[in-house]
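Student: These are the residues of each chain, in order.
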Amino acid sequence: MGKTAKIFKREFSSRVRNKSFIIMTLLGPLLLASILIVPMLIEKYEQKREKRVAIIDESNLLGQTLRDFDTYKFTVVVNATVDEMSETFATSGFDAVLFIPNNIYSSNSVILYSNVWVDEALKAYVGYALRRDLEYMALMHENVSPETIGKVSTPVFVGVKKWNAKGETVETEATMEKKNIVATAFTSLILIFILLYGIIVLRGVIEEKTSRVVEVIVSSVKPVQFMAGKILGIGCVGLLQFVLWVVLTFGLVVGAQFLLFPEPYVPTQLPEMAETLGTGALATQKVVTPEATSMDYAINLFQTLEGVNWIVMLGAFLIFFVFGYLLYAAIFAGIGAISDQDTETQQFVIPVTVPLYIPFFLLPLIIADPNGSLSFWLSQIPFTSPIAMMARLPFGVPYWQLTLSIVLLVLMCVILLRLSAKMYRSGMLLYGQKFSLKSMFMALRTAETSDEK
Amino acid sequence: MNILAQHIVKKFAGVTALDDVTMEIPSGKIFGLLGPNGAGKTTFIRILNQIIQPTSGTITIDGNPLKISDVERMGYLPEERGLYRKMRVAEQILYFASLKGMDDAAAKQELEVWFERLEIGNWRNKRVEELSKGMQQKVQFIATVLHKPSLLILDEPFSGFDPLNAQIIKQEILRLKENGTTIILSTHNMESVEELCDNIALIYKSKNILNGNLSDIKQSYANNRYKIVFSGYYDKLLTTLTPSIKILCHEVEGNTTTVNIEVMQDIPTNEVLQFMMKSGNVLSFQPIIPSMNEIFIQVVQQQNQE
Chain A
0 MGKTAKIFKR
10 EFSSRVRNKS
20 FIIMTLLGPL
30 LLASILIVPM
40 LIEKYEQKRE
50 KRVAIIDESN
60 LLGQTLRDFD
70 TYKFTVVVNA
80 TVDEMSETFA
90 TSGFDAVLFI
100 PNNIYSSNSV
110 ILYSNVWVDE
120 ALKAYVGYAL
130 RRDLEYMALM
140 HENVSPETIG
150 KVSTPVFVGV
160 KKWNAKGETV
170 ETEATMEKKN
180 IVATAFTSLI
190 LIFILLYGII
200 VLRGVIEEKT
210 SRVVEVIVSS
220 VKPVQFMAGK
230 ILGIGCVGLL
240 QFVLWVVLTF
250 GLVVGAQFLL
260 FPEPYVPTQL
270 PEMAETLGTG
280 ALATQKVVTP
290 EATSMDYAIN
300 LFQTLEGVNW
310 IVMLGAFLIF
320 FVFGYLLYAA
330 IFAGIGAISD
340 QDTETQQFVI
350 PVTVPLYIPF
360 FLLPLIIADP
370 NGSLSFWLSQ
380 IPFTSPIAMM
390 ARLPFGVPYW
400 QLTLSIVLLV
410 LMCVILLRLS
420 AKMYRSGMLL
430 YGQKFSLKSM
440 FMALRTAETS
450 DEK
Chain B
0 MNILAQHIVK
10 KFAGVTALDD
20 VTMEIPSGKI
30 FGLLGPNGAG
40 KTTFIRILNQ
50 IIQPTSGTIT
60 IDGNPLKISD
70 VERMGYLPEE
80 RGLYRKMRVA
90 EQILYFASLK
100 GMDDAAAKQE
110 LEVWFERLEI
120 GNWRNKRVEE
130 LSKGMQQKVQ
140 FIATVLHKPS
150 LLILDEPFSG
160 FDPLNAQIIK
170 QEILRLKENG
180 TTIILSTHNM
190 ESVEELCDNI
200 ALIYKSKNIL
210 NGNLSDIKQS
220 YANNRYKIVF
230 SGYYDKLLTT
240 LTPSIKILCH
250 EVEGNTTTVN
260 IEVMQDIPTN
270 EVLQFMMKSG
280 NVLSFQPIIP
290 SMNEIFIQVV
300 QQQNQE
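Sequence lines, in order, name chains A and B.
For the first sequence, numbering that gives the first Met the number 0 gives the first residue as 0, with consecutive numbering after it.
For the second sequence, numbering that gives the first Met the number 0 gives the first residue as 0, with consecutive numbering after it.
Don't read these hints as lab results, they were simulated from the structure.
Keep in mind that this is a model prediction, so the values were computed, not measured.
Just to be clear, a hint being listed does not mean it is correct.
[Unchecked claim] Cβ-to-Cβ under 8 Å is the rule here; a few derived chain B residues that face chain A: (1) Ile50; (2) Val70; (3) Glu79; (4) Leu82; (5) Tyr83; (6) Tyr94; (7) Ser97; (8) Leu98; (9) Lys99; (10) Phe274.
Every residue, glycine too, gets a C-beta built ideally from N, C-alpha and C.
Isolated chain A (complex conformation) (with noise of 0.2 Å):
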């Protein structure tokens, strides 16, 4: 076994095996599925049971137009005041009181009251309706005819498709969608991957060096070989962690649903919505979401996604992942190799960090014009590539660039993993100095001096 190995094994099984890492890959998928579910069983739960809402129709009109919503049953209760209604309100059965005043033509405005904060979408539908009935009565007495104004109050829908070079439609509003989603999904896990992993190589060195193991482990493996076996170890646990994250709350999220809702779950709609899309040959169109449920929406997403090779976006998703890590995780290494203590050093990850937020900042304008100039050099340069490749890779990029983006990361990163192991073998002089640009400097010109082994 050589010893970069040797140093891999001891990373990952010491890392595997602490507390804390069993703790935190049971309890984040927990939480992330929790997150999913929660909102779910609230949901559910809120849908089953029927909700009562009493009109008080001063206008003694606009109240029977009011058909019944989702879970709310509308009843009129006729020659009742709100006065009276608040009295009785805890022991009526009812969950809200919809005032409609007889000055509604002039003031437009109703109240809703209720013991407690009434639900959005029940506020959205009656504001809805009854605008709808104002127009049509305000236009009925103008002497509009009922079938101008079915015309007047069509809404219209705006579809969007895009022409490759060729003219054919490549991409639709709704497939445009879906590349955002697995844009921002796969550059945010890079992001996240990063972030994570690379501060614990940083913490890893920092140890060694305050605990002074590193000139016990310089004395019998080189400092590359060192390094190497470290951001690998450390990258396989963060790995492993990831893998078990993925498919422990997809586990939890598909077994909560098949307990909670055997049939599919439908999300419930806006009024405004469901009213728009209720008409016209559009409506099949966009409503695929609300009849699958977020698993199958996924699965659907993965099939309907034209134009998007998928063994290129997970090739290079991997790619991307592997040596965005390997960068920064060089980087951290090198920082820690270099400075003495862990508050100090802080401060030092943040600037170090800011070209890898850059691309994510501008995922908007990097999806909005993904062969632009900025989507170009972004997606070029090695320490922005991770990010920007991947925001623009569900929209098609030409395989020169690809190629040569990653070619870049590759020597990028070789170039500082050596940097790196040369600031730890000489950094270890550095002790109880402060980091600064100019023991860096030292640092690397010390290295120079004593060659390579």
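Start from chain A and add chain B according to the hints.
Tutor: Relative to chain A, chain B alone:
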């Protein structure tokens, strides 16, 4: 393992840490590497360990140039001790041994021997952070010697030990020497140097200023000083004193007088004795051999004056 370092120079970004240092470390002996703090001892040790490379100069081991695989035959106990705090004792020692290329089964066997010798077998599954400082030092010592190195480099091996445990470690060092291990001992503890070392080198301000066999060096600094006890009168001695003899100090107790003298010229011991016999009845007569501590201070002061 015979080590010959010739004309070693090491510069760090303009600062000279070692300046033309030449020394031979003979096989199977204990070699004391002495010098004040910051003189360059640690730099020399790191060059031997190949942690850093010399700017110029050569090192040969048994006649062959130093090569990377030689580190596996060396054991290094750094002055700044280092162990993984969260790792367990046995696991940690075996890890360091495996980094030195030792076979796992052999390492486990050897570990049992050392656990028994230093009586820390009960702590094998404890984390290092749970141990006392002295206990940690023992763990570090075992980690240094487990792979049976031919060259053992010990930087202040007794620091952190109580006198009892320091004695145990001393015995183990001597045992390792008997088994043929070459040992470099870097320390400020001159008592242990006199007790253990066969040869020494004194590095001061990046240079090797004193080098050789310990007893030869001590003899050479014993220059014509004697301690004499006689029954007779000190006053009488003073009256008969010749300019070639200088009294360093004296002590009178009843009829017995003790004097330390320094003979200025090369006068044979017999003549000095004859001269003393005139003043009274000589009870004891012995040359004063300076301690390593005195030699250290004397040599360094001389260097400073130059």
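Student: For the restraint on tyrosine 83/B, tell me whether the closest CB of chain A is nearer than 8 Å.
Tutor: 6 Å, holds
Student: Under 8 Å is the threshold here; is the Cβ of valine 70/B close enough to any Cβ of chain A for the hint to stand?
Tutor: Interface hint status for valine 70/B: holds (6 Å vs cutoff 8 Å).
Student: Under 8 Å, Cβ to Cβ, is where tyrosine 94/B needs to be relative to chain A, so tell me if that hint holds or is violated.
Tutor: Constraint on tyrosine 94/B satisfied, holds at 6 Å.
Student: Holds or violated: is there a CB of chain A closer than 8 Å to the CB of serine 97/B?
Tutor: 6 Å, holds
Student: Does the closest beta carbon of chain A sit nearer than 8 Å to the beta carbon of leucine 82/B?
Tutor: Cβ of leucine 82/B sits 6 Å from chain A, so the hint holds.
Student: Verify the interface restraint on leucine 98/B: the C-beta must sit less than 8 Å from at least one C-beta of chain A.
Tutor: Since the shortest Cβ distance to chain A is 4 Å, the answer is holds.
Student: Hint phenylalanine 274/B vs chain A: min CB-CB distance below 8 Å?
Tutor: 58 Å, violated
Student: Given isoleucine 50/B as an interface hint, is the shortest Cβ-Cβ distance to chain A below 8 Å?
Tutor: Isoleucine 50/B check passes; min Cβ-Cβ to chain A is 5 Å, inside 8 Å.
Student: Holds or violated: the hint that glutamate 79/B contacts chain A, with Cβ atoms closer than 8 Å.
Tutor: 4 Å, holds
Student: Hint lysine 99/B vs chain A: min CB-CB distance below 8 Å?
Tutor: 5 Å, holds
Against the hints set out earlier in the document, a violation occurs for number 10 only.
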